[in-house]
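Single-letter residue listing:
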Amino acid sequence: MKLYRDLTIRQKKIVWAWGFLAIPVLFYCVVRFYPTGNAILISFQDWNLLGARTWTGLDNYKKLFGDPVFWKVFKNTFVYLLLGTPVSLVISFVIAYHLDKIRFMHGFLRMLYFLPFMTSAVAMAWVWRWFYQPVPIGLFNNFLASIGIPQISFLNSTSNALPSILAPAVWAGLGFQIIIFMAGLRAIPKSYYEAARIDGVSTWTVLWEITLPLLKPTIVFIVVFSSIGFLRIFDHVYNMTTQNPGGPLNATKPLVLMIYQTAFSSFDMGYAAAQTVVLFLVLLAVSLLQLRIMRDR
Amino acid sequence: MATAEDLQVKPKADVLLQTGPSRPPRNMGQIIRFLLLFAGGILMVMPIAFMISTSLKWPHEVYNLNFIPDEPTIENYIYVLEDGRFYWWFLNSLIIAVITTICSVIFDSLVGYTLCKFRFPGRYIVFIAILSTLMIPTEMLVIPWYLMSQQFGWLDTYWGIMFPGLMTAFGTFLMKQFFETVPDDFIEAARIDGLNELQIWWTVAMPLVRPALAALAIFVFLGNWTAFIWPLIVTNSVEMYTLPVGLSSFGDEADVAWELIMTGAAISTIPTLIVFLIFQRFIIRGVVMAGLKG
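Protein chains in written order, with the numbering used here: chain A, 680 to 976; chain B, 767 to 1060.
Incorrect hints may appear among the rest.
[As the list claims (entries may be wrong)] Cut-off 20 Å, straight-line C-alpha distance, at most; resulting in silico cross-link-like pairs (EDC-like, lysine to aspartate or glutamate):
#, chain 1, residue 1, chain 2, residue 2
1, A, Lys895, A, Asp725
2, A, Lys691, B, Glu954
3, B, Lys883, B, Asp836
4, A, Lys692, B, Asp1021
5, B, Lys883, B, Asp951
6, A, Lys692, B, Glu1005
7, A, Lys692, B, Asp950
8, A, Lys691, B, Glu841
9, A, Lys692, B, Glu837
[To be verified] To give an idea of the interface, some chain A residues facing chain B are shown, with a C-beta separation under 10 Å as derived from the structure:
#, residue
10, Lys691
11, Leu700
12, Ile721
13, Met790
14, Gly863
15, Ala875
16, Ile877
17, Thr897
18, Ile907
19, Tyr939
20, Ala952
In case anyone wonders, no lab produced these hints; they're calculated from the structure.
Positions of the beta carbon are idealized from the N, C-alpha and C atoms, including for glycine.
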């Protein structure tokens, strides 16, 4: 205590700062940095949890890049991204743009659109899974049958299954994106619109020349945020295909599900770790690329 | 004298979310726009509504398209709760979400405050280090976390489920941004009054950023309540499952009827929906704050 009292105010503040940070710094080292390093390390080893860990160099990566299932999964992951991001971006912008202009029951409408964001992905995956069942069980097919349209095979078809699984993921994220878009729209100074009106510019021109360019930071945020979400899709796929995870015929399997199965069904830790490193690099590359593209434009 | 309420930082989000007075639509275009948006909104809540409606139906009615059950029943809820598992899963989820929320709100704001208001050697390194963890996906960490849990006997325990989420880098940055708005003079004044640094943080700075704390708490709670992949990996025994993991295994059982799955899904969704309906303005503001800062 005497020692502390002799310190200058500046030194005391340093002691306090590191006192505050001691536990968090320890936490970040043990629970974030060490595991990151460990994952990279394991990716160069062969290990099935029980036996010895043997150093195998790049073998896991070589195996991965020669594995047709990996390429299928890699493609699926990007299909989720390339379908999900633009679709949700366009829908949420259109809704936000019009909702912003509505004063009547605005709060109520906003609530309706936001509600799905508060749901749990697992619960909603099961709800949608039920919707997708064939007659006489599934809601969608029952509805189609009632108006005389032929049945659609949603989850059992290799071509329809992926978009069917993507739909609830897009649906659940829309509310968040709409709110962010509306805040972005409100942040645009009214004077721009007034000036445009005085000049007699058409609504479309205002949209393309004023609204969208000024919304760029919002768009960048939403694109990066939702891309990362779609690249990491797991809960929906796992729960909608529990009988045959990632099926039919791996048509819906994303990278995270492959990682889960490799690590916790096959217990091939080294191989799974190599897949997580690839996931990390993909996420990094996609985020950097998008920030780059959006900034240049 | 100014109270903490007066000085509370007014979030920019509030300005952006003012709905203004509700005016009925005036012309045809407005009416069409309203009707389309209204129809879209109904479509958006349809899956939730059908989940709840089905959970209130008798088995013979489940596959009918009618939205309102002919004879509503809470029999499904009684069945599911008497089974006992959902009761446990609900309790597990609640305990885990509450503890992680408290923990991460406290630690994230403490770290955010320290990085914002103190000048000390190593500050920049700590800042960059925590920032860099935002780039690391959870999925990359689950394997080492699993090995760690196995080594220390954390598998299948509350601690094992909770430990990865006790602090979040996202929350730290959110809080750091908000502490920027707390004037340094305040902190200096409190220091002159003889408060120590811990007291200053807790009694002076924290009340001023209450809206941000609430936003963070809601995000962390929702994140932990719905978390799936890590609880799925770390739990083995049925009693330790959280609601999402439990629901997933329940739905997968061979002979479970859809109305019971819908009931389970409703049990895991309704609490967050109620929280949302109560704190609606608060939550939407939180989303905007996080979005603008993030």
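Problem set entry | Unsatisfied constraints (hint numbers, rising) | 1, 3, 4, 6, 8, 9, 15 and 16
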